[in-house]
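Engineer: For the sequence shown, this note's numbering assigns the number 1341 to the initial residue and increments by one for each residue that follows.
Hints were generated in silico from the structure; no laboratory data involved. All values derive from a computational prediction rather than experimental measurement. Watch out, some of these pointers could steer you wrong.
[To be verified] Pair ranges (Cβ atoms, derived):
id, residue 1, residue 2, range
1, Q1376, R1410, 36 to 46 Å
2, S1366, P1386, 23 to 33 Å
3, L1407, I1372, 19 to 29 Å
4, F1363, F1405, 12 to 22 Å
5, T1406, P1386, 37 to 47 Å
6, K1369, I1396, 30 to 40 Å
7, G1389, T1362, 38 to 48 Å
8, T1362, Q1394, 39 to 49 Å
9, F1363, K1398, 37 to 47 Å
10, L1407, F1375, 33 to 43 Å
11, K1398, N1371, 20 to 30 Å
12, D1391, S1366, 21 to 31 Å
13, N1371, Q1394, 11 to 21 Å
Ideal Cβ positions, reconstructed from N, Cα and C, are used throughout, including at glycine.
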Amino acid sequence: MWHSICWANLTVPKGIKTCIKTFFLSCNKGNIDHFQIQGIERVTAPYRGGDMLQKILKREVFWIFTLDTRLPKGMNSEFDISCYYH
């Protein structure tokens, strides 16, 4: 999540075009004072080891589908989830 927060904070005020920036600018007229990010789950390291990034990506896919945030209802369009969702 920290990587996502840093990326969003760097791209919203600058000229980089992302889904988050486009959505944010359309809703708040670019006022960065109202920009917030909230975590919805803490992913812990697997007890017996394993690939932490793979576990995080699987949970991200779970939440994308649970919250129904794929386009056109949400902003998740550029993320290929076919290899993580079973």
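Engineer: Now, for every hint given, state plainly whether the structure supports it.
Structural biologist: Going down the list of hints, with the structure as the test:
no. : hint                       : result
1   : Q1376 to R1410: 36 to 46 Å : violated, 22 Å
2   : S1366 to P1386: 23 to 33 Å : violated, 39 Å
3   : L1407 to I1372: 19 to 29 Å : holds, 24 Å
4   : F1363 to F1405: 12 to 22 Å : holds, 19 Å
5   : T1406 to P1386: 37 to 47 Å : violated, 21 Å
6   : K1369 to I1396: 30 to 40 Å : holds, 33 Å
7   : G1389 to T1362: 38 to 48 Å : holds, 39 Å
8   : T1362 to Q1394: 39 to 49 Å : violated, 29 Å
9   : F1363 to K1398: 37 to 47 Å : violated, 25 Å
10  : L1407 to F1375: 33 to 43 Å : violated, 19 Å
11  : K1398 to N1371: 20 to 30 Å : violated, 35 Å
12  : D1391 to S1366: 21 to 31 Å : violated, 36 Å
13  : N1371 to Q1394: 11 to 21 Å : violated, 37 Å
In this structure, the earlier hints numbered 1, 2, 5, 8, 9, 10, 11, 12 and 13 are contradicted, and the remaining ones agree with it.
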